[in-house]
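**Student:** Now for the letters of each chain:
There are 2 protein chains.
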Amino acid sequence: MADNVVKPERPGGFLDFLPPDYLAREKMLGTIQKIFRSFGFDPIETPRIEFLKTLAGETSDTGKNIFHIKSTHDDEPLAIPFDHTVPFARILAANPYNAKKRTGIRLPWRRMVVGPVFRADTPQSGRYRQFYQFDADIAGTSSMLADAEIVAIMFLTMEALGVKKFKIRLNNRKILNGLAILADIHDRGEVKADDITKEMMRILDKIDKIGLEKVLAELQSEPKTPFDPAPALSEDAIVKIRAFLDLKGSNEEKLKLCGNVFQEISVAEEGIDELRQILDYIAGMGIPAEAVDIDFSIARGLDYYTGPVMETILLDAPEFGSVFGGGRYNGLVSRFTGAELPATGSSIGVDRLFAALSHLGAIDRAEQTVTEVMVLRLEKDRDADYLQMAAELRGAGMNAEVCLADDTTFKNQFNFAITRGMKFAIICGGNEFETQTVQVKNLQTRKQEEIPRNEMIHYFKREN
Amino acid sequence: MADNVVKPERPGGFLDFLPPDYLAREKMLGTIQKIFRSFGFDPIETPRIEFLKTLAGETSDTGKNIFHIKSTHDDEPLAIPFDHTVPFARILAANPYNAKKRTGIRLPWRRMVVGPVFRADTPQSGRYRQFYQFDADIAGTSSMLADAEIVAIMFLTMEALGVKKFKIRLNNRKILNGLAILADIHDRGEVKADDITKEMMRILDKIDKIGLEKVLAELQSEPKTPFDPAPALSEDAIVKIRAFLDLKGSNEEKLKLCGNVFQEISVAEEGIDELRQILDYIAGMGIPAEAVDIDFSIARGLDYYTGPVMETILLDAPEFGSVFGGGRYNGLVSRFTGAELPATGSSIGVDRLFAALSHLGAIDRAEQTVTEVMVLRLEKDRDADYLQMAAELRGAGMNAEVCLADDTTFKNQFNFAITRGMKFAIICGGNEFETQTVQVKNLQTRKQEEIPRNEMIHYFKREN
Numbered sequence: 015m016a017d018n019v020v021k022p023e024r025p026g027g028f029l030d031f032l033p034p035d036y037l038a039r040e041k042m043l044g045t046i047q048k049i050f051r052s053f054g055f056d057p058i059e060t061p062r063i064e065f066l067k068t069l070a071g072e073t074s075d076t077g078k079n080i081f082h083i084k085s086t087h088d089d090e091p092l093a094i095p096f097d098h099t100v101p102f103a104r105i106l107a108a109n110p111y112n113a114k115k116r117t118g119i120r121l122p123w124r125r126m127v128v129g130p131v132f133r134a135d136t137p138q139s140g141r142y143r144q145f146y147q148f149d150a151d152i153a154g155t156s157s158m159l160a161d162a163e164i165v166a167i168m169f170l171t172m173e174a175l176g177v178k179k180f181k182i183r184l185n186n187r188k189i190l191n192g193l194a195i196l197a198d199i200h201d202r203g204e205v206k207a208d209d210i211t212k213e214m215m216r217i218l219d220k221i222d223k224i225g226l227e228k229v230l231a232e233l234q235s236e237p238k239t240p241f242d243p244a245p246a247l248s249e250d251a252i253v254k255i256r257a258f259l260d261l262k263g264s265n266e267e268k269l270k271l272c273g274n275v276f277q278e279i280s281v282a283e284e285g286i287d288e289l290r291q292i293l294d295y296i297a298g299m300g301i302p303a304e305a306v307d308i309d310f311s312i313a314r315g316l317d318y319y320t321g322p323v324m325e326t327i328l329l330d331a332p333e334f335g336s337v338f339g340g341g342r343y344n345g346l347v348s349r350f351t352g353a354e355l356p357a358t359g360s361s362i363g364v365d366r367l368f369a370a371l372s373h374l375g376a377i378d379r380a381e382q383t384v385t386e387v388m389v390l391r392l393e394k395d396r397d398a399d400y401l402q403m404a405a406e407l408r409g410a411g412m413n414a415e416v417c418l419a420d421d422t423t424f425k426n427q428f429n430f431a432i433t434r435g436m437k438f439a440i441i442c443g444g445n446e447f448e449t450q451t452v453q454v455k456n457l458q459t460r461k462q463e464e465i466p467r468n469e470m471i472h473y474f475k476r477e478n
Numbered sequence: 015m016a017d018n019v020v021k022p023e024r025p026g027g028f029l030d031f032l033p034p035d036y037l038a039r040e041k042m043l044g045t046i047q048k049i050f051r052s053f054g055f056d057p058i059e060t061p062r063i064e065f066l067k068t069l070a071g072e073t074s075d076t077g078k079n080i081f082h083i084k085s086t087h088d089d090e091p092l093a094i095p096f097d098h099t100v101p102f103a104r105i106l107a108a109n110p111y112n113a114k115k116r117t118g119i120r121l122p123w124r125r126m127v128v129g130p131v132f133r134a135d136t137p138q139s140g141r142y143r144q145f146y147q148f149d150a151d152i153a154g155t156s157s158m159l160a161d162a163e164i165v166a167i168m169f170l171t172m173e174a175l176g177v178k179k180f181k182i183r184l185n186n187r188k189i190l191n192g193l194a195i196l197a198d199i200h201d202r203g204e205v206k207a208d209d210i211t212k213e214m215m216r217i218l219d220k221i222d223k224i225g226l227e228k229v230l231a232e233l234q235s236e237p238k239t240p241f242d243p244a245p246a247l248s249e250d251a252i253v254k255i256r257a258f259l260d261l262k263g264s265n266e267e268k269l270k271l272c273g274n275v276f277q278e279i280s281v282a283e284e285g286i287d288e289l290r291q292i293l294d295y296i297a298g299m300g301i302p303a304e305a306v307d308i309d310f311s312i313a314r315g316l317d318y319y320t321g322p323v324m325e326t327i328l329l330d331a332p333e334f335g336s337v338f339g340g341g342r343y344n345g346l347v348s349r350f351t352g353a354e355l356p357a358t359g360s361s362i363g364v365d366r367l368f369a370a371l372s373h374l375g376a377i378d379r380a381e382q383t384v385t386e387v388m389v390l391r392l393e394k395d396r397d398a399d400y401l402q403m404a405a406e407l408r409g410a411g412m413n414a415e416v417c418l419a420d421d422t423t424f425k426n427q428f429n430f431a432i433t434r435g436m437k438f439a440i441i442c443g444g445n446e447f448e449t450q451t452v453q454v455k456n457l458q459t460r461k462q463e464e465i466p467r468n469e470m471i472h473y474f475k476r477e478n
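Quick mapping for you: the protein sequence lines, in order, are chains W and Z.
Counting the first sequence from 1 gives a position; the numbering used here is that position plus 14.
Counting the second sequence from 1 gives a position; the numbering used here is that position plus 14.
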């Protein structure tokens, strides 16, 4: 075998989670899950492999970021999901509610999901090709109660994770659609106004990255081909957009000023009204007003949003971008059913959030192991006793292991217990067997106590 | 979009888990995890995509059951893991312990992992192409304490899952290697004795499926090509194998009789001694002797086992085969390092076990949702109040949702709460707002109580 040694390496963009990271991440995921479930979001899981047609649908440009599977066993090409939203839409389409049989999914439905998604990018430093997303979506209602709930979850999740300084930015695609009308975007030859509008939103979304002036310049650049959706806005339109993005004041004031800008552009007025409702509802849920910022520059990258959009920024780590984003999308299920279904939802980039919280010092990696107590094996021919001690400790609810080190000297086993991060060691040698006692060593305080053998369990019941 | 509707279907062999299944499966996984962690098995996670060379190594025949990824971004081919053991070996090879820096993995190490693995089979009814495996392995010790711990975990896991009738079958590859010597297996032209022995084990492993006589016949059939490892055993060898497989008695008696068979075949004697040690150790851990059966026909399919092998059979559902199997393998890490590392481990086929327990009626799918309380929205313009009630309930540790149904009649919302499986409904209409009360309806007992609004939380603290 030695001639054929394989390097034990991972492809770029894929992570291992060894115990300290795994346990810290598990804690974070548990905190998030608790918040989501407290709102009644039901967990589901969909496969890691789907038909390519399910994932890519009728669009062509998403297909290139999807990992495709080589399979000679299937008639249809297979691929790996790049998000949880498309499989959610498939689940909804495949399980319509039947009131008589009481089968299928009764809407409205809150569902959560957590698991890895995949992007077929070029491997490069800091870019994940596999990363966990934690999603919460509500399908089957147009009510802004649902969108408000997403905002509330963002707030409560950040709070539960111990993040002190964050801001939830809120906007509405309907207002941006109004902006496209204001900017006089219309069909241009082969290019539809709708596509030019989406391109405008994609460009607006870059303000954080490249700044306002570069965004405005990009909005003015001329199309390079007859099919280029470049907005190519007029000087007049740019003046209006600049004024719109410059609206200042409290959330209420901004919405009022925004109302003045979009008088009689009904789609924008609808969008403004929806944001007002969301602000009212989150107040009802006890979310402090200052946690949320109406920000008219927020567009969110994805094409499929149709209403309110929202994202969460860590104020002390803005370089990580949005760690928890979402919005309303009403068209996604129509890929499968031909009919619209109102839905709103959100997604946490778990690995990005974990990296950001680590950067902020908010992640505790102190736990190296799940084991609490290690039983040292000091006397030959006493293994049955050591095994029994560990079994007793387990029976009392502790995580306990016998030391399996080949070098069974006290020194080595004790050192092993410490470097592996155990909390307690049970030390029982010849003397202790004779006097029917054990030494319990607290490896954090270094305190050691001699306990009668038959009271060992009680000691831990008292300590913990 | 409607012209281009995509069928909302999954590829064959892949499962969706909707809430009732998800929640029942989550409970099962939680039970297993608790047992594993109580023994100090530390959780890790490895990526869902690895280099093909990592997974397939120098062997060629496993490669065909691996899903390969199309990627233009990588120099090396990528693929999807078919088990957790090979990535575990990669992790061990990539993280050697450095005592000075205290980095890397200090051995011996117990690690657990749970997650999906994938087999690129032809889709057919009942055969999963994605399924969860829950693995526990111990690396870095040759001690039979480790193998005994695996047997103990099998027992305690089955017990914790409420399985009444099961049997853990135990054998040792070393005894079967002794059997190969007894059967006079040797190099034959191009075919190595070792490969013929492995083929013998693969055939022996089919006794449960095809019966003893067919197995013995297969062991006698002639090789079809010069490279066929068919054992082609002599009549004399078959007589010996039949006698060996027919050894009867208690575990101790079987081992004694087996010792008579293999006098002076030292590898088999070593194997017998290892099994004796395991039986002693599990007794020390309080595992009842009758839970374990020495069964000399057990070989386990995988090539890489080198010592004790074990598997768990549900006596009331034997058709599901082994639901929890494992064994010692000392050579797997050498793929990456060129050197052997002793290891032993086990794997639960989670989806098979879930199917088997469902078949036995041991899986409770009663939970449809995580929500415990639904707040009905009966009065217009009172949404802020309903939102606040739900928020209060959450604050008190309940999972609570406001009803989002478009049809806000009492009848519809009440029906919604019942069909969605809620435990309680909060009913608060005009009268209740006037008297500052709420009606709490227990949807299981159908008991309804009027409670002062400001005592609602106390009601639930009392009830739950």
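Check before you lean on any hint, since a few could be wrong.
A pair counts as met if it fits within one copy or between any two copies, since identical chains are not told apart.
Stated by the list, open to error - Pairs of lysine to aspartate or glutamate residues, derived as EDC-like cross-links and limited to a Cα-Cα distance of at most 20 Å, are as follows: (1) Lys206 to Glu236; (2) Lys48 to Asp420; (3) Lys114 to Glu204; (4) Lys394 to Glu288; (5) Lys21 to Asp88; (6) Lys254 to Glu446; (7) Lys84 to Asp201; (8) Lys206 to Asp309; (9) Lys178 to Glu446; (10) Lys78 to Glu90; (11) Lys394 to Asp294.
Simulated from the structure, these hints should not be mistaken for laboratory data.
**Student:** Can you give the numbers of the hints that this structure goes against, from lowest to highest?
**Tutor:** As far as the earlier hints go, 2, 3, 6, 7, 8, 9 are violated by this structure, in ascending order.
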